[in-house]
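A.B. asks: One-letter residues, chain by chain:
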Amino acid sequence: AQTVTQSQPEMSVQEAETVTLSCTYDTSESNYYLFWYKQPPSRQMILVIRQEAYKQQNATENRFSVNFQKAAKSFSLKISDSQLGDTAMYFCAFGGGYGGSQGNLIFGKGTKLSVKP
Amino acid sequence: DTGVSQNPRHKITKRGQNVTFRCDPISEHNRLYWYRQTLGQGPEFLTYFQNEAQLEKSRLLSDRFSAERPKGSFSTLEIQRTEQGDSAMYLCASSLLSRDNYGYTFGSGTRLTVV
Numbered sequence: 001a002q003t004v005t006q007s008q009p010e011m012s013v014q015e016a017e018t019v020t021l022s023c024t025y026d027t028s029e030s031n032y033y034l035f036w037y038k039q040p041p042s043r044q045m046i047l048v049i050r051q052e053a054y055k056q057q058n059a060t061e062n063r064f065s066v067n068f069q070k071a072a073k074s075f076s077l078k079i080s081d082s083q084l085g086d087t088a089m090y091f092c093a094f095g096g097g098y099g100g101s102q103g104n105l106i107f108g109k110g111t112k113l114s115v116k117p
Numbered sequence: 001d002t003g004v005s006q007n008p009r010h011k012i013t014k015r016g017q018n019v020t021f022r023c024d025p026i027s028e029h030n031r032l033y034w035y036r037q038t039l040g041q042g043p044e045f046l047t048y049f050q051n052e053a054q055l056e057k058s059r060l061l062s063d064r065f066s067a068e069r070p071k072g073s074f075s076t077l078e079i080q081r082t083e084q085g086d087s088a089m090y091l092c093a094s095s096l097l098s099r100d101n102y103g104y105t106f107g108s109g110t111r112l113t114v115v
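Taken in sequence, the protein lines are chains L and U. One point on numbering: in this note's numbering, the residue at position 87 of the first sequence is 87, and numbering is uninterrupted. One point on numbering: in this note's numbering, the residue at position 34 of the second sequence is 34, and numbering is uninterrupted.
Heads up, some of the hints might be wrong.
[What the hints assert, rightly or not] Which chain L residues stay away from chain U? Per the calculated CB distances, all over 12 Å, these:
id : residue
1  : Thr18
2  : Thr24
3  : Leu47
4  : Glu52
5  : Gln57
6  : Asn58
7  : Thr60
8  : Ser65
9  : Asn67
10 : Lys78
11 : Gln83
12 : Asp86
[Stated by the list, open to error] Selected chain L positions facing chain U (Cβ under 8 Å, derived; list incomplete):
id : residue
13 : Val19
14 : Pro40
15 : Pro41
16 : Gln44
17 : Arg50
18 : Tyr54
19 : Phe64
20 : Phe91
21 : Gly96
22 : Asn104
23 : Leu105
24 : Phe107
25 : Lys109
26 : Gly110
[Said to hold, decoys possible] If you anchor each label on the Cβ, the simulated ranges turn out as follows:
id : chain 1 : residue 1 : chain 2 : residue 2 : range
27 : U       : Gly3      : L       : Asp81     : 20 to 30 Å
28 : L       : Ser74     : U       : Gln41     : 19 to 29 Å
29 : U       : Glu83     : L       : Pro41     : 23 to 33 Å
Treat the hints as calculated values from the structure; they're not laboratory data. Predicted, not measured: the structure shown is a model, and the values here were computed from it. Idealized CB from N, CA, C, for every residue including glycine.
All chains should be built: construct the whole structure from the sequences, respecting the hints.
C.D. replies: So, in structure tokens, the structure goes:
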């Protein structure tokens, strides 16, 4: 069974600084996808970034980038130039590809990120 | 399309009562998922549908929980004989089954409080 582990329950960063959130996972599958979701306080969860396991190039979306280490089963999220609006819970999630896994995403327990002015 | 819609946003019920939540997915999405999220935790998978077929329901927390998706459109999640431990946020998400996995679009959730 797949598992997702986020070892940092809480983190804080000063505005405009860079922060990295950690995520490790366990799977025996070779084709899968990894995601970071953001859940602001009392608001819905939104997708931040997605990585296909078969791609060696790390995904980037504006200020958000990942460091995907397939052999180490590590998938960290880097947020550059942190903004107050980045304050949220961040969830790492694992998902299979077409017809794979159980059809659902498996989430970690989350990291609460606070951006301080 | 305005995204995934969940109703009601909040529900307060007395212990022992039945409650039903509704989810309207993005219209072209053929998969619909239900998750439960307790305070400070990640979403916990409950069940999912592909069109009208419920493909996984073994994770439903007890036989008090049931879900339907008639005609492959909206879905309902029902909890019978609610208990205080059922208090949580119930999230619905939808996705399009395809060769690649593009993740979910989530709704805003229904927060259930059992008193």
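A.B. asks: Determine for every hint whether it applies to the structure shown.
C.D. replies: Hint check results:
no.	hint	in the structure
1	Thr18	holds, 24 Å
2	Thr24	holds, 14 Å
3	Leu47	violated, 5 Å
4	Glu52	violated, 7 Å
5	Gln57	holds, 15 Å
6	Asn58	holds, 17 Å
7	Thr60	holds, 16 Å
8	Ser65	holds, 17 Å
9	Asn67	holds, 19 Å
10	Lys78	holds, 19 Å
11	Gln83	holds, 22 Å
12	Asp86	holds, 18 Å
13	Val19	violated, 19 Å
14	Pro40	violated, 11 Å
15	Pro41	violated, 12 Å
16	Gln44	holds, 4 Å
17	Arg50	holds, 6 Å
18	Tyr54	violated, 10 Å
19	Phe64	violated, 14 Å
20	Phe91	holds, 5 Å
21	Gly96	holds, 7 Å
22	Asn104	holds, 5 Å
23	Leu105	holds, 6 Å
24	Phe107	holds, 4 Å
25	Lys109	holds, 5 Å
26	Gly110	holds, 5 Å
27	U:Gly3 to L:Asp81: 20 to 30 Å	holds, 28 Å
28	L:Ser74 to U:Gln41: 19 to 29 Å	holds, 22 Å
29	U:Glu83 to L:Pro41: 23 to 33 Å	holds, 27 Å
Checked against the numbered hints given earlier, this structure breaks hints 3, 4, 13, 14, 15, 18 and 19; the rest are met.
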